[in-house]
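Chain A is fixed; fit chains B and C onto it per the hints.
Protein chains in written order, with my numbering: chain A, 1 to 259; chain B, 1 to 354; chain C, 1 to 270.
Hints are computed from structural coordinates only; laboratory data are not their basis. Fair warning: this is a prediction, and the values are worked out from it, not measured in the lab. Beta carbons: idealized from backbone N, C-alpha and C, even for Gly. You may find that some hints are simply not true.
[Claimed, not checked] Only some residues are given here: those of chain A computed to face chain C with a beta carbon under 10 angstroms:
| hint | residue |
| --- | --- |
| 1 | F86 |
| 2 | D91 |
| 3 | L107 |
| 4 | R139 |
[As the list claims (entries may be wrong)] Derived BS3-like pairs (lysine-lysine); straight-line CA-CA distance at most 25 angstroms:
| hint | chain 1 | residue 1 | chain 2 | residue 2 |
| --- | --- | --- | --- | --- |
| 5 | B | K129 | B | K30 |
| 6 | A | K60 | A | K9 |
| 7 | B | K30 | C | K148 |
| 8 | C | K148 | C | K225 |
| 9 | B | K30 | C | K225 |
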Amino acid sequence: MSHHIVEVKNLEYCYADGTTALRGVSFRIEHGESVGVVGENGAGKSTLLLHLNGCLLATKGEVRVGDIPVMRETLRQIRRSVGTVFQDPNDQLFMPTVGEDVAFGPLNMHLSPDGVESRVHGALDTVNALHLRSRPPHRLSGGEKRAVAIATVLSMSPDILVLDEPSAGLDPQARRRLISLLSGFKHTKIVASHDLDMILDLCRRTIVMHQGAVVADGPTAALLSDRNLLAKSGLELPLGVQNCPVCGASPSASAIPQI
Amino acid sequence: MHMADALISPPVGGAMWAASIALAAYSARKIEPEIAERKIPLMGVVGAFVFAAQMINVTIPVTGSSGHLGGGMILTILLGPHAAFLVMFSILAVQALFFADGGLLALGCNVFNLGFWPCFVVYPLVFKKIVGASPTHRRLMTGSIVSGVLSLQLGAFCVVLQTLMSGISELPFGTFLLLMQPIHLAIGIIEGIVTAALVSFVWHARPELLELSADRKLEPSMSLKPVLTALAIAALVTGVLLSWFASTHPDGLEWAMFRITGKEELAAPEDGVHATLARFQEKTAFMPDYDFAETSAIQETGIEHSEEDAESWPAVSAGTSVAGVVGGGIVLILAVLIGMSLRLIQRRRGTVTP
Amino acid sequence: MTRIDTAISDIDVLDRLAAGVSPIHRLDPRAKLIVTVLFLLTVVSYRKYEVAELTPLFLYLAVLLALGRVPVLVIARYLLLACPFAVLVAVFNPLIDRQIIAQLGPLAVSGGWMSFVSILIRFVLTVSAVLLLLACTGYVTVCAALDKLGVPRLLIMQFLMLYRFIFILADEASRMLRAHSLRSPDGRGTSLRVWGSLAGNLLLRAYDRGVRVHTAMLARGFDGKFRPLPGFHWSIADSLFVVGSSAFLILVRHGQLATRMGRWALELSA
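For reference, chain A alone in the conformation it holds in the complex (with noise of 0.2 angstroms):
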């Protein structure tokens, strides 16, 4: 299906204030593709993924989704068909109550209640959340927040996936369940992080973004073990390249996915 393609050409975006955020990025991403973005603070990572849902419009160039331009006039089908985490699970979820929450998208596309039922019940039961569906937010942990963050956008069935920084803040075997929990989508995934670990068991394809441009784009093992390009990005190897830092030994070839 073309609908899970992302396309965006010669993206340049100028915040209000005259700062230049993107300067022509351009890439295609596929059916089904699982992508990493990384770039240091203020690189235009997250400047780029509002774009993908039409939070922000461009300034020149162009962002596709499928057949659809991102637009002012299409922004309901782009937003039905991506779906995005933001950063902080907070600024995700307003509803009182998790069940709320996840119900606020469907609602919004006008389904019928039990169709909102059945969606909600399918995203919170993807996400292992079923038990928190009558919890206020407040009184979730660090990692049922970014779980239930995660089911309300699932509640969309969008056809593709936009995260910005999942493993912020979770504790290390919340950010495993999490990493699992990603891999087991289908859903074009675009993944914007500084946890190049991840990144690294997450996406096969990497996206490194410097200064509002793309500076490389290609499959994730050869670039995050290219010391020079991570440390001209602001950047440093994922441990998981390292060499061991008592013996010194380099990571076995089982430590990087295959291509």
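Chains B and C in isolation, oriented as in the chain A frame:
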């Protein structure tokens, strides 16, 4: 100062609820969907901010006493009158429900006292006039302090009126007023200073957040309708209900006197503030008087009387309803006067800033 | 604990109670809301000297407390803490109104004392009734009931959003305060300058959060209109509750229960 359920009577509570709900419905309608879409999340967080900020006590210089933020003015300055009124409503509701601050029946009073005045009266007529089209630091400070004081004075005055009209408290009008207004002058000054500190901070850090700049584009010039409607509803409902619930044994002499004094006052020549104040006092003072009449009736007939008394009360009688309509009429006239002066000021402002 | 933490834990206590299970919890929230309002109206409709006839209303509270499994101590604590503006005003009544209106054996009681006691009783009745409503229903459900009863939806959404963000903002505020107090060991309060920038920063953060939440809402198809909240099911039990409570309230209001009871007791003893 929050009005409490224990102090109000059904007519007063009901009238204030009617006025507050009418204002809320009006405000909700006034916030267009396009604006609502942008404003709703802001209303939520800014409301929560006021709630949190109220908990942070501030030490006031010189006096050494501590005060906190009330919120009505800062909300209006940040969100505009309509959104601010709804936010104030929600804050007071949470306080009433979770902290037994005020009460459910008194919520209408509290919303009116603490929301209506700052949002719909003081902000458009005082704050904006002082601050003007091109705000300066000094004007913002002056505007905030003056508005804070005025809002609280008006609110406190309403508390006095509502308490007296309810007739549960024995405090005479003058004494209560002398107790409430100075206390609220102090509280109002603190509120004003605190609001000014906050506004000045935002003004320096992110001036675009102040509603002032966006105001003219987003909100068409403040209509007088809500103000008048709210006052009219409050007056009418209070008057009719009050008389309905009033004693079924009105002392003829008392009523005649009231009618005469009422008319006299209306006919009396108006010479400035003094007359207005005197009329106000007269108008409100008859309520406790009226209550006294009822008390003496009970005294005369003895306690045994109470059974028959309660059964026949409340009862609708032509006499009392007439009294209610007369009372409502007085307040309506007052409302018209306020309305006319508002329109006058409005028109003048219209010529200054087209 | 700072005031913020106390406030949050107060909200929390009622929320936890509301999550409980009891016959009262199971009732339709609209029924509970209606009965609570009727109850409050009944309380405030009494004349100012009424004391005895108010007492039967405690029956209602007692039944709800028991059926709803709400600890009396929670309510009592609120009653003590609740800003007693009413009591403050009531204190003047005995001083001003000294007319003797009742004779209790050798004791002459003035009108002021009667109305003072009456206000205290009203205070306890009204505050407890509202707290009970909340403890047996929950804030969110009360809001949903108000929505179904026709309160403007924008206002309801404001109620809900405020509630949601109080927790986040209170948390941010108390972290800022802690950071401030750790660096000002002798200071008791915050000076105006510090308060201004503390609260100002909190406000700016709140504002930015509002913008982010807005983005998150947009991303999920929000168009400025809120869809109806899930409905409730009105059952026979709810009708019975409303009818029964109303009948009780009318009986209490007009039945002179306390006086009758007193007379009956006197006749019996005579």
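These are the hints, each one checked on the structure:
1. The interface hint given for A:F86 holds, since its Cβ lies 5 angstroms from the closest Cβ of chain C, which is under the 10 angstroms cut-off.
2. Hint status for A:D91: holds, given a least beta-carbon distance of 4 angstroms to chain C, under 10 angstroms.
3. This hint holds: A:L107 has a C-beta 4 angstroms from the nearest C-beta of chain C, less than the 10 angstroms allowed.
4. Taken as an interface hint, A:R139 checks out: its beta carbon lies about 8 angstroms from the nearest beta carbon of chain C, inside 10 angstroms.
5. At most 25 angstroms may separate the alpha-carbon atoms for a hinted pair to count; B:K129 and B:K30 meet this at roughly 22 angstroms.
6. Our distance criterion of 25 angstroms between C-alpha atoms is met by A:K60 and A:K9, whose separation comes to about 9 angstroms.
7. This hinted pair checks out: B:K30 and C:K148 have alpha carbons roughly 21 angstroms apart, not beyond 25 angstroms.
8. Restraint check for C:K148 and C:K225: satisfied, since their Cα atoms lie roughly 16 angstroms apart, inside the 25 angstroms limit.
9. For the hint linking B:K30 to C:K225, the alpha-carbon distance of about 14 angstroms falls within 25 angstroms, and the restraint holds.
Going down the numbered hints, you'll see the structure goes against none, and every one checks out.
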